[in-house]
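Work out the full structure, taking the sequences as your base and the hints as a guide.
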Amino acid sequence: EDQVTQSPEALRLQEGESSSLNCSYTVSGLRGLFWYRQDPGKGPEFLFTLYSAGEEKEKERLKATLTKKESFLHITAPKPEDSATYLCAVQARGSGTYKYIFGTGTRLKVLA
Amino acid sequence: DGGITQSPKYLFRKEGQNVTLSCEQNLNHDAMYWYRQDPGQGLRLIYYSQIVNDFQKGDIAEGYSVSREKKESFPLTVTSAQKNPTAFYLCASSIMYRGNTEAFFGQGTRLTVV
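Protein chains in written order, with my numbering: chain A, 1 to 112; chain B, 1001 to 1114.
Simulated from the structure, these hints should not be mistaken for lab results. Wrong hints could be hidden among the right ones.
[Unchecked claim] Within a straight-line C-alpha distance of at most 30 Å, the following computed DSSO-like cross-link-like pairs (lysine-lysine) qualify:
id : chain 1 : residue 1 : chain 2 : residue 2
1  : A       : Lys109    : B       : Lys1071
2  : A       : Lys42     : B       : Lys1070
3  : B       : Lys1083   : A       : Lys99
4  : B       : Lys1009   : A       : Lys79
5  : A       : Lys57     : A       : Lys68
6  : A       : Lys99     : B       : Lys1071
7  : A       : Lys99     : A       : Lys42
8  : B       : Lys1083   : A       : Lys42
9  : B       : Lys1057   : A       : Lys99
10 : A       : Lys42     : B       : Lys1071
11 : B       : Lys1057   : A       : Lys42
12 : A       : Lys69     : A       : Lys109
13 : A       : Lys109    : A       : Lys79
14 : B       : Lys1070   : A       : Lys99
15 : A       : Lys42     : B       : Lys1009
In structure tokens, the structure reads:
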């Protein structure tokens, strides 16, 4: 069964303290891996799409990377405004459908 | 501005009542989706539509119904058969169902049973 697992569930960082969020997946035939940011009471905001192992994408303090089994969202020198829940999703070929499968997210809190 | 608009933002339902959540997009996307989000759980797919006048059940379709009469619109009805409807509902769209592309989301509707 296609599955996405995110870790840690929650993370507290001091402002400027860099860290990484993990998204591990077991799917048969990855079509794409997607990162989103979700603020409380809001819909997810699209961040990145990754398609193949070795691919990297960057946006301001965020950098997403992809291997054959997992993806990392690296946050460099975070600021309090980076506090949010970060969601990972995959689209897999093997299930015969093109559904997006979501992880449960990592709740990030950046302290000033 | 292109995007997805969900309304209302908050909705209260009485026991035994059907309610309809609105979702409109002006992105010219073919595919549209409804998800339910509960605390501590990932987004779960309720229904999806690949194209106008077509829709399929997702993983948790029981107690819900949809229609897709226009490309821009994909309303979700939460029926009285849905026993635990209190949740945050998210509508999304993507260029095409088989497009290997990202989905974009609306701002959500929080439904509460009173």
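Hints versus structure:
As the CA atoms of Lys109 of chain A and Lys1071 of chain B are separated by approximately 39 Å, the hinted pair breaks the 30 Å bound. Between Lys42 of chain A and Lys1070 of chain B the CA atoms are separated by roughly 25 Å; this keeps the pair inside 30 Å, and the hint holds. With a C-alpha separation of about 25 Å, the suggested pair Lys1083 of chain B and Lys99 of chain A falls inside the 30 Å cut-off, and the hint holds. Annotation: proposed proximity of Lys1009 of chain B to Lys79 of chain A holds, straight-line Cα distance about 29 Å (limit 30 Å).
With a C-alpha separation of about 16 Å, the suggested pairing of Lys57 of chain A with Lys68 of chain A holds against the 30 Å cut-off. This hinted pair checks out: Lys99 of chain A and Lys1071 of chain B have alpha carbons roughly 19 Å apart, not beyond 30 Å. For the hint pairing Lys99 of chain A with Lys42 of chain A, the CA-to-CA distance comes to about 22 Å; that is within 30 Å, so the pair holds. As the CA atoms of Lys1083 of chain B and Lys42 of chain A are separated by approximately 24 Å, the hinted pair is consistent with the 30 Å bound.
Between Lys1057 of chain B and Lys99 of chain A the alpha-carbon distance is near 11 Å, which keeps this suggested pair within the 30 Å criterion. Between Lys42 of chain A and Lys1071 of chain B the alpha-carbon distance is near 24 Å, which keeps this suggested pair within the 30 Å criterion. Straight-line distance between C-alpha atoms of Lys1057 of chain B and Lys42 of chain A comes to about 25 Å, which keeps the hinted pair within the 30 Å bound. The straight-line distance between the Cα atoms of Lys69 of chain A and Lys109 of chain A is roughly 26 Å, inside the 30 Å bound, and the hint therefore holds.
Taking the CA atoms of Lys109 of chain A and Lys79 of chain A, the gap is about 9 Å. The hint holds against a cut of 30 Å. Between Lys1070 of chain B and Lys99 of chain A the CA atoms are separated by roughly 22 Å; this keeps the pair inside 30 Å, and the hint holds. This hinted pair checks out: Lys42 of chain A and Lys1009 of chain B have alpha carbons roughly 10 Å apart, not beyond 30 Å.
Hint compliance for this structure: hint 1 is the single one not met.
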